[in-house]
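Participant: Residue strings, one per chain:
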Amino acid sequence: DVKVTQSSRYLVKRTGEKVFLECVQDMDHENMFWYRQDPGLGLRLIYFSYDVKMKEKGDIPEGYSVSREKKERFSLILESASTNQTSMYLCASSLRGRMNTEAFFGQGTRLTVV
Amino acid sequence: AQKITQTQPGMFVQEKEAVTLDCTYDTSDPSYGLFWYKQPSSGEMIFLIYQGSYDQQNATEGRYSLNFQKARKSANLVISASQLGDSAMYFCAMRQAGTALIFGKGTTLSVSS
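Sequences listed follow chains A and B, in order.
Note that this note's numbering has the first sequence beginning at 1, numbered continuously upward.
Note that this note's numbering has the second sequence beginning at 1, numbered continuously upward.
Just to be clear, a hint being listed does not mean it is correct.
Here are the simulated SDA-like cross-link-like pairs (lysine to any residue), alpha carbons at most 20 Å apart as the crow flies [unchecked claim]:
| no. | chain 1 | residue 1 | chain 2 | residue 2 |
| --- | --- | --- | --- | --- |
| 1 | B | Lys3 | A | Pro61 |
| 2 | B | Lys3 | A | Asp59 |
| 3 | B | Lys105 | A | Lys3 |
| 4 | B | Lys3 | A | Ile60 |
| 5 | B | Lys3 | B | Gln96 |
| 6 | A | Lys55 | B | Ala97 |
| 7 | B | Lys3 | A | Arg44 |
| 8 | A | Lys57 | B | Leu48 |
| 9 | B | Lys105 | A | Lys55 |
| 10 | B | Lys105 | A | Leu41 |
| 11 | B | Lys105 | A | Thr86 |
| 12 | A | Lys3 | B | Leu48 |
| 13 | B | Lys16 | A | Ile60 |
| 14 | A | Lys57 | B | Gly98 |
Quick partial rundown of chain B residues pointing at chain A, CB under 7 Å, derived from the structure [unchecked claim]:
| no. | residue |
| --- | --- |
| 15 | Pro30 |
| 16 | Pro40 |
| 17 | Met45 |
| 18 | Tyr50 |
| 19 | Tyr54 |
| 20 | Ala71 |
| 21 | Arg72 |
| 22 | Leu101 |
| 23 | Gly106 |
Think of the hints as simulated: they come from the structure by calculation, not from any bench.
Virtual Cβ for every residue (Gly too), placed ideally from N, Cα, C.
Kindly produce the complete structure, drawing on both the sequences and the hints.
Facilitator: What follows is the structure, encoded as structure tokens:
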């Protein structure tokens, strides 16, 4: 069974902390993505990666960075967490080079910054 | 730039009725793919159906069908014979070559008995 696993389901962090959200996939997918989901705004792309050590900014990269040292793992980093980064974060992966392949999602991490 | 628009924040339907969830998109690229996902209250994202821009026929998957009107740039999801378990948030999304999936804001569907 294909799987995308996010390290935490719920996370509470303090303002100013450095926060790491981890995502691992076992499908040997080249593409990996980080989205944030807010009520009324849908899913917005933060960053995506199409290969190890490669990354592309999405629509809302400010305040975030990413790391992809291994194919199966894609980390989202909040350098200095702020309350406006309280949100649901979703990781996804997909095969590269095929338009019709769907993205598989993790269960989400609900992050609260206090 | 690519964009997905879902204009219905919420839809209400009774069991066994059909419902159409609207989606329009904007892109200048002739090659793209359109997706629908379902997100129940548990939060997981479930892939429902795919339509390619060059596909001649509308996609169907069980009770789900995609009403693809290329000239109007619309890709509406039709759910036939609604069930209580269809109550969820539904997202329309689009991908172009070499890019990530871009999502609309979603439509909340409520099915009543």
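Participant: If a hint holds in the structure, say so; if it does not, say that too.
Facilitator: Hints versus structure:
no.: 1; hint: Lys3(B) <-> Pro61(A); verdict: holds, 18 Å
no.: 2; hint: Lys3(B) <-> Asp59(A); verdict: holds, 11 Å
no.: 3; hint: Lys105(B) <-> Lys3(A); verdict: violated, 25 Å
no.: 4; hint: Lys3(B) <-> Ile60(A); verdict: holds, 15 Å
no.: 5; hint: Lys3(B) <-> Gln96(B); verdict: holds, 11 Å
no.: 6; hint: Lys55(A) <-> Ala97(B); verdict: holds, 16 Å
no.: 7; hint: Lys3(B) <-> Arg44(A); verdict: holds, 11 Å
no.: 8; hint: Lys57(A) <-> Leu48(B); verdict: violated, 27 Å
no.: 9; hint: Lys105(B) <-> Lys55(A); verdict: violated, 25 Å
no.: 10; hint: Lys105(B) <-> Leu41(A); verdict: holds, 5 Å
no.: 11; hint: Lys105(B) <-> Thr86(A); verdict: holds, 18 Å
no.: 12; hint: Lys3(A) <-> Leu48(B); verdict: holds, 17 Å
no.: 13; hint: Lys16(B) <-> Ile60(A); verdict: violated, 40 Å
no.: 14; hint: Lys57(A) <-> Gly98(B); verdict: holds, 13 Å
no.: 15; hint: Pro30; verdict: violated, 12 Å
no.: 16; hint: Pro40; verdict: violated, 12 Å
no.: 17; hint: Met45; verdict: holds, 4 Å
no.: 18; hint: Tyr50; verdict: holds, 5 Å
no.: 19; hint: Tyr54; verdict: violated, 9 Å
no.: 20; hint: Ala71; verdict: violated, 20 Å
no.: 21; hint: Arg72; verdict: violated, 21 Å
no.: 22; hint: Leu101; verdict: holds, 5 Å
no.: 23; hint: Gly106; verdict: holds, 5 Å
The structure fails to meet hints 3, 8, 9, 13, 15, 16, 19, 20 and 21 from the earlier list, while all remaining hints are met.
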